[in-house]
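Engineer: Listed below are the residues making up each chain.
2 protein chains.
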Amino acid sequence: MKGVIMIIDGMADRPLEKLSGRTPLEAASTPNMDRIAESGINGIMDPIKPGVRAGSDTSHLSILGYDPYRVYTGRGPFEAAGVGLDVKPGDIAFRCNFATADEDMIITDRRAGRIRSGTSSIARTINSMTIEGFEDVEIIFRESTGHRAVLVLRGPGLGDKVSDADPKVEGKPPKKIKALDGSPESRKTAEVLNRIVKESYEILRDHPVNTGRIERGETPANIILPRGAGAVPHVEKFQERYGLKAACIAETGLIKGIGHLTGMDVIDVEGATGGIDTDLESIKNAISSAIAADYDFLLINIDGADEAGHDGDLEGKVRFIERVDSILGDLMGDDIYFILTADHSTPVSVMDHTGDPVPIAITGPEVRVDDVTSFSERAAAAGGLCRIRGSDVMDILLDLMNKKEKFGA
Amino acid sequence: MKGVIMIIDGMADRPLEKLSGRTPLEAASTPNMDRIAESGINGIMDPIKPGVRAGSDTSHLSILGYDPYRVYTGRGPFEAAGVGLDVKPGDIAFRCNFATADEDMIITDRRAGRIRSGTSSIARTINSMTIEGFEDVEIIFRESTGHRAVLVLRGPGLGDKVSDADPKVEGKPPKKIKALDGSPESRKTAEVLNRIVKESYEILRDHPVNTGRIERGETPANIILPRGAGAVPHVEKFQERYGLKAACIAETGLIKGIGHLTGMDVIDVEGATGGIDTDLESIKNAISSAIAADYDFLLINIDGADEAGHDGDLEGKVRFIERVDSILGDLMGDDIYFILTADHSTPVSVMDHTGDPVPIAITGPEVRVDDVTSFSERAAAAGGLCRIRGSDVMDILLDLMNKKEKFGA
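Chains as they are written, first to last, in the numbering used here: chain Z, 2 to 410; chain U, 2 to 410.
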């Protein structure tokens with residue numbers, strides 16, 4: 002038996018007047034999801050616990066059976082792992098923006114004109130930096146998509162309780178990074194980081210990529226702004242924990258990072274953008290191949306519905322859900338327990354995650370099929386699973402797959 | 002957005018043959034509660050956890066997001082705070098009865114003829130006591146309603162693991178108070194308390210209120226009987242915890258005490274008796290005023306249904322629920338998340354609290370309205386909330402009010 006968990010990011014929502022009191026998922030035409038609901042057992046799930054506004058990262062960790070309150074140290078480590086950096090427990094990781102600073106170090110563009118090319122060359126320059134007086138700290142820097150990048154500091158005596166450099170608005174200098182807990186470890190990190198920000202400007206201002214950009218009338222990517230510090234946690238490998246060979250198909254660095262940190266094979270999908278314009282056919286083909294391969298477990302994340310929710314794009318969300326539905330036609334098989342759910346609600350009315358529970362449906366040979374006939378937030382609540390938590394999902398799946406030890410006699 | 006939690010104390014019940022298998026809530030005509038259920042999302046709630054027989058105090062703490070297993074040290078501290086005493090963490094608080102003792106210190110009336118007046122004068126006399134050899138212990142004493150009072154001991158090295166003085170039956174002397182854990186701290190409390198009981202008789206026997214009572218043929222309130230010891234806990238203020246300016250409308254000292262200890266404004270309501278004879282119009286007016294004021298959060302407790310349950314008064318319980326229903330007509334508003342529930346079941350067949358779950362309905366602009374059309378223990382179980390715990394309520398409410406921090410990214 003194989004287990005598949007498909008997470009449609011941010012799909013769940015709240016009732017909307019514009020939809021006559023329906024949610025986008027209720028309003029969307031989803032014959033394949035409805036068939037999954039009808040042939041399976043349904044319920045609602047609190048990714049972490051009722052009312053808690055889960056992030057995608059904390060929710061995925063919880064659904065995979067990891068306690069986010071113990072494992073989640075910040076977004077940095079997951080983003081860093083997501084771009085393929087081989088981070089190690091104890092590393093301090095950050096998300097970064099490439100930004101534009103003027104000669105007085107005032108940030109004039111927080112995203113360096115949404116730079117799209119040349120960032121790998123800039124990243125290599127940062128990656129070779131050393132900070133005088135802190136030669137024991139290795140600086141690892143890698144570009145991500147667009148103006149995004151990740152930074153990892155590796156070395157003795159570094160803490161992760163530090164503030165962000167990103168001033169969040171333009172027209173201001175980078176914020177001075179401070180040790181939030183006053184510890185010598187975090188002070189060391191803050192000092193190194195302040196130096197990196199300052200010296201990044203000095204080594205990037207005349208970087209060939211930037212001189213080229215300036216010649217073309219584009220804003221240069223001449224400074225980096227770190228934020229989201231976190232010490233890389235020790236995460237037990239998924240295969241060691243559950244005895245399942247696992248793969249992860251995800252679009253965003255954040256979820257890929259969870260795949261990497263839990264030791265899954267992370268399968269890159271060409272044309273996967275993480276937006277509503279993503280290539281769903283390409284994702285479908287990747288899923289089919291992975292199911293046909295020798296994996297025992299597959300984690301799938303499709304991100305567009307969340308993006309539409311954050312953008313308040315009602316029509317886009319409904320349409321994207323319908324497009325996702327269209328690839329679900331023939332993914333099931335007799336030897337698969339398939340779980341369809343979301344990681345959190347991203348209501349278009351709120352334009353951010355909320356703590357509402359999400360629908361969950363489980364199909365497979367031996368589930369206790371219930372009376373639910375459509376896949377939605379409210380229909381699911383009447384299902385046979387009643388209300389569960391994200392942390393229950395792996396236990397339920399492993400039990401169905403007959404992979405659990407008996408507790409007792 | 003404002004949040005209102007209205008708790009109808011002990012409203013939930015069990016099916017009764019006399020009601021053709023319905024519960025008092027099912028049998029009562031409750032058009033307004035049904036409208037709330039119909040326009041909201043419903044479920045059943047275990048105030049603490051399934052099968053736990055919650056007290057009103059422990060249930061309210063749980064619903065407000067405080068762990069009763071950590072915060073609840075006994076009834077004394079909440080009763081003491083409820084009469085308006087400014088108790089401090091570490092104080093040892095007790096509930097007391099004014100009682101009648103004869104010359105051999107035998108209790109002849111545990112409630113001093115249900116004394117109704119003059120207790121404040123008697124209380125002032127106790128309040129000025131000092132115990133020789135224990136001059137470091139401040140004795141704070143305040144009358145409550147009827148024959149009830151509270152006692153607080155403040156000073157160094159006092160413990161709260163002590164037995165009660167109340168013999169529970171008449172014809173016996175006060176019980177000797179003992180240190181239950183054998184600690185020097187509890188022994189000190191027990192010694193002080195035994196002295197207070199004994200010396201209360203000495204200073205009250207000829208008290209002018211008592212000589213007056215004896216002249217009128219009434220039993221004197223000439224001794225105090227402490228019970229329900231508890232060290233006043235440290236309780237984080239509600240406003241600090243949640244960022245919500247909060248008020249509490251309650252009838253009983255116990256729930257007012259929870260309001261005081263959590264730092265809410267406790268609004269006194271004239272004519273509120275805590276019984277089925279309470280002035281519900283007056284309570285309704287207080288609620289309307291509080292909703293119109295600048296509070297973000299309102300806790301309301303109405304007590305009569307619990308009293309009727311304890312009295313085994315089926316008809317009284319049904320009628321009281323109907324009277325409560327009648328004041329719920331126009332309390333809602335567009336900017337309110339309103340939660341209607343109970344703190345526990347007080348079945349008239351049991352005449353005490355039971356561990357059955359209670360119905361809960363949440364109305365407000367963005368809830369996922371379900372198919373439930375009436376408010377009752379059983380109808381609620383089919384609702385979209387499924388089964389939650391008291392400790393989930395504040396998280397769910399804060400999320401709906403958009404007051405929660407996101408955990409993760």
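Treat the hints as calculated values from the structure; they're not laboratory data. Since the model is a prediction, treat every value here as computed from it, not as a measurement. Glycine is no exception: its CB is placed at the ideal position from the N, C-alpha and C atoms. Heads up, a few of these hints could be off.
On the chain U side, residues computed to face chain Z include the following (Cβ under 8 Å) [stated by the list, open to error]:
no., residue
1, Y70
2, D278
3, D280
4, D396
5, M402
6, K404
7, G409
Engineer: Taking the least C-beta to C-beta distance, is D278 (chain U) closer than 8 Å to chain Z?
Structural biologist: violated (38 Å)
Engineer: With a cut-off of 8 Å on the beta carbons, see whether Y70 (chain U) makes it to chain Z.
Structural biologist: At 17 Å from the nearest chain Z Cβ, Y70 (chain U) fails the 8 Å test, so the hint is violated.
Engineer: Tell me if the interface restraint on D280 (chain U) is satisfied: Cβ within less than 8 Å of some Cβ in chain Z.
Structural biologist: violated (35 Å)
Engineer: Closer than 8 Å between Cβ atoms is the bar; does D396 (chain U) clear it against chain Z? Give me holds or violated.
Structural biologist: holds (3 Å)
Engineer: Holds or violated: is the Cβ of G409 (chain U) closer than 8 Å to a Cβ in chain Z?
Structural biologist: Holds: closest Cβ of chain Z sits about 2 Å from G409 (chain U), inside 8 Å.
Engineer: Was the hint right that K404 (chain U) lines chain Z, CB cutoff 8 Å?
Structural biologist: Cβ of K404 (chain U) sits 10 Å from chain Z, so the hint is violated.
Engineer: Holds or violated: the hint that M402 (chain U) contacts chain Z, with Cβ atoms closer than 8 Å.
Structural biologist: violated (10 Å)
When each numbered hint is compared with the structure, violations occur for hints 1, 2, 3, 5 and 6.
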